[in-house]
Amino acid sequence: MRVILDDEKCQGHNRCYALAPELFDVDDYGQAVVIGDGAVAPEQVDAARLAVANCPEFAITIDGDT
Amino acid sequence: MADRGDAPSPVVVDRGAAADDEKAAAYGPVTDWAKDLDHADPAYNRYAHQIWSDLVADGCPVAHSGRYGGMWAPLTHELVSEVAYDTQRFTSRAVVVSRTPSSEIEPAPIGGAPPITSDPPFHHHARRLLLPPFAPKAIEPWEHDVRALCHELLDEALASPAAGVVVDAATQYAQHIPVSVIGQMLGLPPEDDEQFREFVHDAVEAVNVDNDERTAGFGRLDAYLDAQITEHQADPRDDLISYLLNVELFDQPLSPAHVRGTIALLLIAGIDTTWSAIGSSLWHLATHPEDRRRLIAEPELIPVAIEEFLRAYAPVTMARLVATSHDFHGCPMEENDWVLLPFPAANRDPAVFERADEVVIDRAENRHAAFGLGIHRCLGSNLARLEMNVAVSVFLARIPDFELADPSGDDVEWSVGQIRGPRRLRLRVKP
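So the sequence lines, in the order shown, correspond to chains A and B.
Numbering-wise, the first sequence is residues 1 to 66 according to the working numbering.
Numbering-wise, the second sequence is residues 1 to 431 according to the working numbering.
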């Protein structure tokens, strides 16, 4: 299971960085960046789903969520 | 419990405290919100939530008005999103509806206050210059100053003998927070704060005035900014005005018009928006004691509650001009018609949000559009969130129990125009 960020859709609302800081960082322009390969550890699953559900631009998806 | 604001039915012409408001629309009061909508009618912001839900429920997802030379207002999340993402058919060259003829408005793609008035591809480059100073990690260090300011404001408000146990949370608290921070970031003298509030009024509240009056208002703002720019040219320092005077775009310094327009944007855009958001949050907490008690017991919930206040009481409606005549879902939109972009209405769309009309203070999934959608996402959103979180936290810590000074709500004065929030919010501080 991993988080996937669509750079074209991200507008820097910064919700993912606030809600799932182990999975997302922000760059100097405030744009979201996936940390590492985006792999979601079991204890980060809830945070990952919150990041998806709070992105106003629908820029985040989870691959392998069942 | 459905949250209907403080209003009876807006369709019934009980205009309450708004009736004799001196800012009553020069176009005259609205009697049909579907066909004659006017966001500058003093009744609009007071009853906005019910107006939107009644219109959509009555089968009117896009309201219209012949005012301002023709104006449309899509009211669902889907339609607001469609306009926000379509930068071809809708231009941002003007984002505040006014009676100024479109021929007198700065042309695309730069507009008068870049990047908010800019269209692609210029927009991307103008915006990129401004993103770093407003990025999350650049804004975080302001928390200490904002917290100190909030405490100072409450020290003053609570010490004033004239105020007694009544504090006007709009004029004595909320409005000073964004004014002070953006003034410091830009490098403007703190003693000019009162003038900033006048500039904001001229720019975003005084929209239903004739063009000469509106032009005169912008003239005062421009004259002030020109003097500040000259002063910064002579004495550069570490602030945003000096940054804009030094930065390059396409290997050239910014044009004087670009510098001035951007400073105007940064000064105007953050002030009554954040002031409104803080004020609406405190209005909610004054009228919903169960939510107030919960946030005091669980302060870690405040950031979640702030997102819900942003959703339910989103202050900012943007606007576009129709770039090319076209049919929009059956609406014959003509070139240069105005289109209101009521993100606050999108935030109350039951197709997107469960219990959309309720304020659910621990709403975990909250994909709200309070800061806009698409390329014009509010540049200052990180700063606004910081100010809201600190302002509400400090207020609750210092004044845990409060209610509206006039429980009927008639005493609360709501703003006029595209930015919605309380302009007078008298609260009784309980011992």
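Read the hints as simulated data drawn from the structure, not as lab findings.
Every residue gets a Cβ at the ideal spot worked out from N, C-alpha and C, and that includes glycine.
One thing to keep in mind: the hints can contain errors.
[Stated by the list, open to error] Below 25 angstroms or equal to it, Euclidean Cα-Cα: the simulated SDA-like pairs (lysine to any residue) are:
1) B:K137 - A:M1
2) B:K35 - B:L321
3) B:K137 - B:V304
4) A:K9 - A:D28
5) B:K35 - B:N211
6) B:K137 - A:D28
7) B:K137 - B:N389
8) A:K9 - B:R127
9) A:K9 - B:N211
10) A:K9 - B:P120
11) B:K430 - B:H288
12) B:K137 - A:D63
13) A:K9 - B:K430
14) A:K9 - B:T76
15) B:K35 - B:H329
16) A:K9 - A:V33
17) A:K9 - B:L396
18) A:K9 - A:R49
19) B:K137 - B:H288
20) B:K137 - B:N211
21) B:K430 - B:L396
22) B:K137 - A:G64
23) A:K9 - B:F328
24) B:K35 - A:D27
25) B:K137 - A:D65
26) B:K35 - B:L396
27) A:K9 - B:V352
28) A:K9 - B:P121
[As the list claims (entries may be wrong)] Here are a few chain A residues that face chain B, going by a calculated C-beta distance under 7 angstroms:
29) E8
30) Q11
31) Y29
32) G30
For this session: Kindly indicate which numbered hints from before are broken by the structure, ordering the numbers from low to high.
Result: Failing hints, ascending: 1, 9, 12, 13, 17, 19, 20, 22, 24, 25, 26, 29.
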